[in-house]
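Undergrad: Same order as they appear, the protein sequences are chains A and B. For the first sequence, the working numbering gives the first residue as 225, with consecutive numbering after it. For the second sequence, the working numbering gives the first residue as 133, with consecutive numbering after it.
Hint data in this document are derived by calculation from the structure and do not stem from the laboratory. Every value quoted in this text rests on a predicted model; they were computed, and no experiment measured them. Where hints are given, some of them may not hold.
Stated by the list, open to error - Which stretches of chain A does chain B cover? Using the computed rule of at least three CB atoms under 8 angstroms from a CB of chain B, they are:
1) 333-347
2) 355-363
3) 513-520
4) 607-620
The C-beta atom is built at its ideal place from N, Cα and C for all residues, glycine as well.
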Amino acid sequence: MDLDDTPEQAAYRAQVRTWLAEHKSQAPVLTGPEALKDEDEIVTARRAWQGKLAEAGLAGVTWPKEYGGQGLGPIEQLICNQEIAQAKVPSILDAIGVGMLGPTLIAHGADEQKARYLGPMLHGDEVWCQLFSEPAAGSDLAAVQARARLQDDGSWRLSGQKVWTTNAQFASYGLLLARTDSDVPKHKGMTMFIVPMDGAGVTVRGLRQISGEAEFNEVFFDDVALDSDAVVGGVGNGWGTALTTLMFERVTIGLGGEGLGYNATRFAKAIADDEDARRDPEIRHQLGEIVSELLAVRFTGYRTLTALQKGQIPGPEAGLAKVTIVNGAIKAGDLITDVVGPDALAQDSEWAYMISFLPGLKSAGGTEEILRNTIGERVLGLPPEPRLDKGIPFSELRSKEGAAV
Amino acid sequence: MNLALSDEQVFLREAARGALSRFKTIEAAREALDGNAPLPDLWPTACEAGWPGLLIDESAGGAGLDAFDAMLVLGECGRVLAGVALLGHLPATAILNDSPGAAKDQLEELATGERRAAYLPTSPPDDLAKEWTLDPAHGLRRPPALSAVNEGGDTQTRVNGALSFVPDAPGADLLVGVALLDGQPTGVAIDASASGVSIEAVQGYDATRSLGHITLKDVPATVLDASTESLAGAWHLAQALIAAESLGSVETALDVSVAYAKERHTFGRAIGSYQAVKHSLTEVLRQLENGRSLLYYAGWSRTGKPDEFPLAASAARSVAGRALDQAARTMISVHGGIGATWEHDAPLYFRRAQLSRRLLGGTAGATDRVAGELIAQASAA
Chain A
225 MDLDDTPEQA AYRAQVRTWL AEHKSQAPVL TGPEALKDED EIVTARRAWQ
275 GKLAEAGLAG VTWPKEYGGQ GLGPIEQLIC NQEIAQAKVP SILDAIGVGM
325 LGPTLIAHGA DEQKARYLGP MLHGDEVWCQ LFSEPAAGSD LAAVQARARL
375 QDDGSWRLSG QKVWTTNAQF ASYGLLLART DSDVPKHKGM TMFIVPMDGA
425 GVTVRGLRQI SGEAEFNEVF FDDVALDSDA VVGGVGNGWG TALTTLMFER
475 VTIGLGGEGL GYNATRFAKA IADDEDARRD PEIRHQLGEI VSELLAVRFT
525 GYRTLTALQK GQIPGPEAGL AKVTIVNGAI KAGDLITDVV GPDALAQDSE
575 WAYMISFLPG LKSAGGTEEI LRNTIGERVL GLPPEPRLDK GIPFSELRSK
625 EGAAV
Chain B
133 MNLALSDEQV FLREAARGAL SRFKTIEAAR EALDGNAPLP DLWPTACEAG
183 WPGLLIDESA GGAGLDAFDA MLVLGECGRV LAGVALLGHL PATAILNDSP
233 GAAKDQLEEL ATGERRAAYL PTSPPDDLAK EWTLDPAHGL RRPPALSAVN
283 EGGDTQTRVN GALSFVPDAP GADLLVGVAL LDGQPTGVAI DASASGVSIE
333 AVQGYDATRS LGHITLKDVP ATVLDASTES LAGAWHLAQA LIAAESLGSV
383 ETALDVSVAY AKERHTFGRA IGSYQAVKHS LTEVLRQLEN GRSLLYYAGW
433 SRTGKPDEFP LAASAARSVA GRALDQAART MISVHGGIGA TWEHDAPLYF
483 RRAQLSRRLL GGTAGATDRV AGELIAQASA A
């Protein structure tokens, strides 16, 4: 057991640190008085910065060399993430593309797709978004209803709605899970597509949340034309392709779970700043309980990395770390707001934003309840919930749903 | 970075599991509560396995291993509620091992287990209090550390004071802890057979946990040249060890509960298929995994980042103590009524949980130290 860098890792870290020190001045400024304000300017600057990071080999660290990556391991990716955070410069803009969708294309895409899309994705020239969730398909993702219909000439027509789509407002492409056959059971009738976001019939609308900000979008597709070569991983194989993306999502969380800023040090600082709170036994007790669990998650991430390095694939238990982070941050926000008082809820307060964002985050990547089901069944081996949707054609499900209760 | 067990560590853990499996420790725990039979003496087994010398340097006859290895053994003890006297012995040997002037033959006898030591738990200062304190006999107020009087020489002193609920004190040959000499925290080693030493065995709520109340009246003691960091480190090591032991008990409680949830049926379904049951078991797993991660943190930091060892060990204790409480209560509720009967094992894990949480400064004390360590860090930054 060792948390220190090997000599090779230390050399790599030094190389990354040197590059960041030399190029730091070119990074976009996102906080403080000098911060960029206009969203278009921010996106443009961050895309350019991603391009620089990619050229320097600090993006797509784990991607194979033939697709522009470095062919290195998850540890090197973590070292990069740590050094970028340490240098206080923004990370890549398209973490979803580079971290999850690119690796999915590498695993399932056709050679032509890899040659066409991976380079511009890695360099930030074309940003990607993930078009999986729908208003009626979240935790039960295999219930997607967005429908792609095959045309006589081999092309497709897509209609439907997606939701909770990060970066859709400036994305060039999306990876979309659509239903292509309703006459087979639901997991079998789906196909993954590459969708151009500037296509006719695509509408992106910001989705405002409790904070008042629109961190996500909803995306509407009205008879959007897709070429036959838009299919990724074969017609009818959409579920398997989606599972690959979700696996990379867990890796991304394992590598950067604390990137959300929900960490022990930040919360302790807020309490330490109040002379009375820092001495109050009850507040100390609550803080101690919260931060102990958040510290644990940091080391759970290192355990995940160790497993990755040994070639093991992270299982659903990584979802427990997400439950711990979100619930810990909710409790911390509550405690800090108790200490600070109504000022913590002021418009420009970091805490107001945090406590407004968290209730929604609880359901992101699957609700806490579905995560606990999955972990109970896959990790503890408990018997599954009785299900009414197994082996039934998707088209007949709706009528059975009503009859079952 | 590598947070996996080495082959040697896997072997150490498997060997411990094998050695302890030769005894019916769980049945014995119930028998002992009834007063029907004494607990099996596991110390010879510990000696055979080399556990007493885990934290003693090889040059002094020990295994020269680190806290994480000791935590693996404690985890196995916790799995089967085995009382092996390591919680008292190992922190004591850690202090002696850090004392350059300690007699080598003494260390050798402790490494083989020929003689057994008990640590006198003394909590170091935190961000709010400057005092070294002891666990109280009753109530919340923590008494000050033992006091020592200067005998004129550098190596001998006389110690006065009383300690309560000292793990593994009954039957120990040597007592090792902290006394205030001219107001300075100083390591002391006391021969348990010296005049003025009284050790009263405490019959506990958990019969597998050997505890003693100790009174020291003008007792001659050897002054140890261990550093203040080492004296504080022994407290934090004890926190890490009881955390590891508790998580071992959580593993068993969870395994047994999951197995029952798969076989017991109600309303035509295995109870483990119900979300309410499934989610409560998943909650135990969540806390267990958090605790395991913190054991790695504690194990690594003791030598890899000593500044963070108090934080890491306290966090491990905090999470593990709560995890065992949760696991024991879940074990009872998943089993329904039978889980609350004397015949079932669940009450034994419940008793272990309730007593462990209140020893060595308590789980709550560790939780407070986590906050204190981070508050101090934040203020310094």
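Undergrad: Are there three or more residues in the segment 607-620 of chain A whose C-beta lies within less than 8 angstroms of some C-beta in chain B?
TA: holds (count 4)
Undergrad: Tell me if chain B covers the segment 355-363 of chain A under the three-residue, 8 angstroms CB rule, please?
TA: Our answer is that it is violated, as 0 residues pass the Cβ test (under 8 angstroms) against chain B, missing three.
Undergrad: Examine the segment 513-520 of chain A for residues whose CB is less than 8 angstroms from any CB of chain B, and state whether their number is three or more.
TA: The restraint on the segment 513-520 of chain A holds, since 6 of its residues have a Cβ under 8 angstroms from chain B and three suffice.
Undergrad: Take the segment 333-347 of chain A, compare each residue's beta carbon with every beta carbon of chain B, and decide whether three or more fall closer than 8 angstroms.
TA: violated (count 0)
Violated hints, listed in ascending order, are 1, 2; each of the other numbered hints is respected by the structure.
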